[in-house]
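**Q** Since the structure of chain A is provided, determine the placement of chain B on it from the hints.
Number of protein chains: 2
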Amino acid sequence: MKQLTIIFAFFFILNSCEQKSTISSETFNPDWSETFPGIWKATVNQPEDFNLLSVANKAPRSETLNKKSNQDFPISEEEIKTFTKNGKTYLRFPLEKEEQIYGFGLNFKTVQQRGQILRLHVDHYGGEDNGRTHAPVPFYVSSKGYGVLINAARYIDVYVGTGVRIDTKNPPIVYDRNAKDGWTSKPYSDNLEIVIPADGVELILFAGENMLDVVQRFNLYCGGGVLPPKWGLGFWHRTPTLYNTADIQNEINGFAEKDFPLDVIGLEPGWHSKSYPCTFEWDKTRFPNPAELSKNVGEQGVHLNLWMNPYLSPDGILYDKMLPYSGSHTVWNGIVPDYTMKESRKIMQDHMKKYQLDTGMSGFKMDEVDGYDRWLWPDIASFPSGLDGEQMRQTYGTQMMTLTDEIYREKNERTYGLIRAANAGSVSYPYVIYNDYYNHKDFITALINSGFSGLLWTPEVRASNSEEEWLRRMQTTCFSPMAMINAWADGTKPWSFSTVYEQCQEVAFLRMQMLPYLYSTFADYHFNGTPPFRGMNLEPGFEANLEVKQTKLDGSKNPYAEAVQREVKDQYMMGEFLMVAPLFNLDEGRKVILPKGNWYDFYTGKFVGNGEIIQVENGFEKIPLFVKDGGIIPMMPKIRQTIEWVKNTPLEIRVYGNTLGSFILYDDDGKSFNFEKGEYTTKMLKAENGSGTVEDLHDSENWIYGDVNWNFMTKE
Amino acid sequence: MKQLTIIFAFFFILNSCEQKSTISSETFNPDWSETFPGIWKATVNQPEDFNLLSVANKAPRSETLNKKSNQDFPISEEEIKTFTKNGKTYLRFPLEKEEQIYGFGLNFKTVQQRGQILRLHVDHYGGEDNGRTHAPVPFYVSSKGYGVLINAARYIDVYVGTGVRIDTKNPPIVYDRNAKDGWTSKPYSDNLEIVIPADGVELILFAGENMLDVVQRFNLYCGGGVLPPKWGLGFWHRTPTLYNTADIQNEINGFAEKDFPLDVIGLEPGWHSKSYPCTFEWDKTRFPNPAELSKNVGEQGVHLNLWMNPYLSPDGILYDKMLPYSGSHTVWNGIVPDYTMKESRKIMQDHMKKYQLDTGMSGFKMDEVDGYDRWLWPDIASFPSGLDGEQMRQTYGTQMMTLTDEIYREKNERTYGLIRAANAGSVSYPYVIYNDYYNHKDFITALINSGFSGLLWTPEVRASNSEEEWLRRMQTTCFSPMAMINAWADGTKPWSFSTVYEQCQEVAFLRMQMLPYLYSTFADYHFNGTPPFRGMNLEPGFEANLEVKQTKLDGSKNPYAEAVQREVKDQYMMGEFLMVAPLFNLDEGRKVILPKGNWYDFYTGKFVGNGEIIQVENGFEKIPLFVKDGGIIPMMPKIRQTIEWVKNTPLEIRVYGNTLGSFILYDDDGKSFNFEKGEYTTKMLKAENGSGTVEDLHDSENWIYGDVNWNFMTKE
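Each protein sequence line maps, in turn, to chains A and B. Under the numbering used here, the first residue of the first sequence carries the number 32, and numbering increases by one thereafter. Under the numbering used here, the first residue of the second sequence carries the number 32, and numbering increases by one thereafter.
Looking at chain A on its own, in the form it has when it is part of the complex:
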């Protein structure tokens, strides 16, 4: 590389009027070196030092990765090609005929991405899967059992099997559209092409035993999944803007009176003395004593989470200190700190510790770090560290995560919160993505996609046009990483729709009952990188059923008679055993696709089918849940708050089907980082033919459960 650069430099001197900064336009094959079993790295040309993983700044989980199985390099190295020209790096990967591609972050309408063209650009979601989304993670997983991470903090263009090259080794059949026979607007393409607007790039390629194994390796490489504090998995309620101390207490009282789960209250704009832009200082009228407030609500089992956006108001004490470390442009007239600099990090962290952490606040909802273009800095913006607007845009969410994660770690206190932007490397951070898009079905598609990219996503509830919609949304949010009503603008409560209140209450308590299962599922995320919420395509035995449907020509509406793709994007797995198939407003029931193997109704234990499509009627008030053969779901009694999850909590272990099943039940103190030092307990639950056993695996003194009641749900 060095030699090439020098040649270029002289070339440049000799041709000072030459416009193109061509470094090398020759195509070559990247040089891959294996860093962990089944994980290879390649450096193309001169990658930028600043990249997605450098910002996330987490070491790979080497110990676990080194125990992974060895894999052959999964694709032909010769067919991976790259060249760099005019400051851009071009990549080409081969695609086989039936290969399907998943990932590329938080898409809302499509799961399978082959055929898509995306410009991966952190942004609010604008209603179209075009790469502009809250977490456009440049990582994809192939149905052939491998994945690729393009580790660049740039707007990356990806052509996922769309372009057909002249030199393709699989020339598609050329049809004559006049003859109408066999012609398609999208001829078969056998490559995935990528443009990175930089003079080089770092690539990481993952191989695995199957797609899930690939995702696990990717997650472990990025530091392993987050393990939230126990309270983070309870029920969340965000109060309307401008609520004050008394309003907060009233809201908490309401939940207690109505007997509805509540672990976290979110404060929205109104706690800062000024917001949009923000001061990060308390409004003394509404919150004269925040420490006392958090102490009071803490005694009632409630944690407080603070909304914020990171753009600093000229009226705050942070402003003058931060000005030298801020970018050229403002957001809503607030300055934009550059958190890649240690000075700015220290200023903000010291401030947060004093004003937020020391007053007992449990975490943040970090808003508006995603987009959209009209609010945020333009690409032309410059930052004092030397980064440009594009690099900052792609990583600002991650910067906010690391900034806040560090100070909670310093306190040895886990946090759990919300963020509107993430990217590759976010997997180990305690933040769940949310947005304003509010389409129930698409929210579930996003939940499915989150599992391919090391992300967490909440299908939060805000408002509703009908009682049924309210119920269906409440059910979905209770089967997600964060069960939440976000009532900042609408002022809704769980009981806003009284005719469905009981059913809402029931599903919220069901979530609470299932926390032993869910918490262990998150432990599996942490230790093994297994996404806790994931699409059916990551489920062994699931047939993709990707259907391509021809359409009718219409001169103005469909001039190319484009075929459409139908895919499964409304059912998903929560943990190893549970399949969730939400119902929707005004639906007349729904179809559920069962993977191969026997499946059972969660509520009754009855057999429902095997590798087939079943129909669920809407009369069914509960959210449809299915458990696979051998499924073990450890549950606890109904509790309203996680503070009731105490020593000697009895366990009900539900068992489904008759096959031998096993589950690793995990526990720890639920709030500190001591588990990272080994202070946790795991026990192996095993069940077969009506009898169950509990075996010790990793032991500490923290085991919380008391009596065990094995409940074999399937009787025949």
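Any given hint could turn out to be false.
Because identical chains share one entry, a pair is satisfied inside a single copy or across any pair of copies.
Restricting the straight-line Cα-Cα distance to at most 20 angstroms, the calculated cross-link-like pairs of lysine to aspartate or glutamate (EDC-like) are [what the hints assert, rightly or not]:
#  : residue 1 : residue 2
1  : K583      : D521
2  : K588      : E159
3  : K472      : D62
4  : K326      : E282
5  : K708      : D618
6  : K583      : D212
7  : K289      : D314
8  : K588      : D221
9  : K140      : E159
10 : K326      : D314
11 : K140      : E593
12 : K128      : D389
13 : K384      : E159
14 : K653      : D555
15 : K637      : E498
16 : K708      : D381
17 : K678      : E441
18 : K352      : D198
19 : K627      : E240
20 : K678      : E598
21 : K112      : E498
22 : K442      : D290
23 : K211      : D314
24 : K175      : E109
What the hints contain is simulated information worked out from the structure, not anything from laboratory work.
**A** Then chain B, alone, in the frame of chain A:
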């Protein structure tokens, strides 16, 4: 610049691991030099040799430009700033508080562009004004009387008064959203910022007496507007795909029998032996003798226009010849010739001359040169001339224009046709843009926007959901650069909706009657750069009436309570005197905004208002047309085809109002380029107080008109 480059080169040698190809990140003011009165050019850093105007390859109309008035440099030179970094050039222009910005090509929903963020990228229009459109011309016009062209064949990002800089000289007031008073999601920004992904750029700045003068200078700089052949302004009908010789004749017979205007028949896919990809050879079954066909239809007063897209089929004789001059990627399995090379141009031009021009074909409809991404080559594509996919994408439409324009010029025969992509510099080419978007209102907004950017656009008619919609669309297309039914997929005819047939017939004949006015209007486009169809904002005396309306907060639908802008985007000028205010389907009438000065009903000559808003009822079967005071509209008798527009055609000159008015009536042979050598005639029509005069201006032997009948429409 040279010195800087050398420093950079050494820096690069010393820091071979340094990732950034920074050439200069210092901000400086571009150095402007005046090239014509009121036109300045600046070269920022090292612009690429290949740019929009180099592709268009037309010399400025120097003689006319040199007669233009002198102007002061219209903005503060000091406040125009630029820097180049990491292969990108950044520009900043100041904006005054009340300044409005127009242009940036063919937008469909907005006219005023301040507040927009656009990535100018040639593409099919996807329903949102985000810069992706058929003609994303990087030229804007300010209400302050100047315009700027960014002459780069790149995807250009523009932030039209959105970002607020820390160092702004007009700091906006900082509001507290908590307090709700005065806060807006879009604080006042006093600059327009631009990012060009290249190491430099050429800028051209135009000043003028008003916005229209600025647009005229821009158009003249790019070569002056096109003057279509007379037949091109008659009625067009595109027949369904796979029509054969007999079908074409039947279609022509139908128009004759129904007594409906017809000058051009368009042939859609089916004339090529194969299409998608295309052969450019005739299908011998459907068209055994194309030369005879064109001769036959020519005798019936009909010209033939050929649909095509430029992607070559492996089954055609062009394929092997063109392969060495084609890009790395295919489109629908056809190769993509690189028409920036003289070899490929000659191959294609020779072929077209033999197979299309020599068989008497009058021109082309050049389809699918715009996008969208899934059909066209990816940005990663490379082309044998060394251009990349992005440069090719931004200019392929223009390349096709120059390619075909040259061979018709060689024949001394004007052509007129359709194209789906254009850019800066298209103004003098005989092509009208069209697309599949088919929204009637937005089609009119596009017509308005075309006038700011040197473009022509047709609101063609395809299908309709109702009789009224059909009529309203037919009316609009008759008041556009190309009056056309595009029935390729739908097979509609002018008489498809029988209850409104008479009204359709009437408006089509009205267009024919107005051709003397319209043809002279195009002559003004050619000689003076005056856009023949243009928005009200280019009309002196028109109050912009840009209304900003506050909206209501909604947690999921409108979380930032974004203000919306209301503007006039459904009425426009055709030529100097005529205002067109189309009615829409299911409308209950409409409002029409009259600029200052007296306005008159075109049909009755009655006074309708002055600088006010009037209401037009839908009961009105005709398209509402208004003429300004002193307006002169030269018309001729009803003819069905332009072949009837012959020597001694009598003239009816309609005069409106009482003020002294004048109009330059233009004529020439209507088909050759001899007018460029001075072979044309212009006469000055003047009217006042009930008497009119005709004065000779530029004389040749081609004067076509006979008796003159002055018709003073306004009586009181």
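**Q** Which hints from the list above does the structure break, by number from lowest to highest?
**A** 3, 5, 7, 8, 12, 13, 14, 15, 16, 17, 20, 21, 22
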